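Asks: Sequence:
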Amino acid sequence: MIADTIRTNTYRLGILRNRKAMEGKVVLDVGAGTGVLSIFCAQAGARKVYAVEASSIVEQAVRIVKLNSMEDRVEVIKGTLETVDLPEQVDVIVSEWMGYALLHESMLNSVIFARDKWLKPGGLILPDKAELFIAPINDLVVEDRLNFWSTVKSQYGVDMSSMTDFAKKCIMNRDITVNLVTVEDVLSHPSKFADLDLYTVTMENLRSVRGGFRCECFGSSSINAFCVWFAVTFAGEDKPLVLSTSPFSPETHWKQAVLYLDEAVDVMQDTKSTGTRRREEEDD
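The sequence shown begins at 1 in this note's numbering and counts up by one.
Since the hints were derived computationally from the structure, they do not count as laboratory data. Model, not experiment: these values are computed from the prediction. Using N, Cα and C, we set each Cβ at its ideal position, and we do this for glycine too. Possibly wrong hints are sitting among the right ones.
[Stated by the list, open to error] So the derived label-pair ranges between C-beta atoms look like this:
1) V141 / P250: 18 to 26 Å
2) K169 / V265: 26 to 34 Å
3) R47 / A235: 35 to 43 Å
4) N68 / R214: 47 to 55 Å
5) V141 / S56: 29 to 37 Å
Given only the sequences and the hints, what does the whole structure look like? Please build it.
Replies: Next up, the structure:
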């Protein structure tokens, strides 16, 4: 994920632009990984950073902190956020908690736990806001994958066209697929269907995140899927900083989440597609 320059640079700028809120303060990095965000916080002037990480990568984080001569300010702690015991309350929480489609395999529950247990009143959370968007698409890649089975006989002399229905079931039966969606695939302007305020969202709220959407198609095409992506915002003294995983933005390692329809639907200019996107906790 360090190689994801959009992700890493946005976090770096989001932290450094909050230098005044960081200087001399105590920071908690939830799911610190290699510790890069913790080091950014120390570079921004934090007095103490608690880098909490449950996986074995924590050993590398210790080495990286030492390599950057940050041992006096960054303390790496192995364990889950729910089980570790910090010696003090914190002024700032930073975390790269987002999963695919924002909430699939995310760490938001841990961030909420940390906020409720360790964040001082009036403390800062980075990022502090998340939004979910949806748009209909025509995914030509899936069409090519399905049509492939009809071409096998001409290439290899073996008729495998019966695989088409099986391949379709394998693709369409997935709850969510992570793909890179191109701008050309998108058939309408995006519709925002959910907002999350990290200062107020609760674990109970996350059990069912849902919202209605309404999209108007650009022209004549065929909808065979819907694309879901997210954006998170870093508050700052000046202009807020946004990390977007939109197909209209530079590519990130999150790419986009694709929800395939059972059957494609033909549409024309200004055709309206409406519905409700719902994410239940058991989806994970």
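Asks: Hint numbers the structure violates, sorted upward?
Replies: 2 and 3
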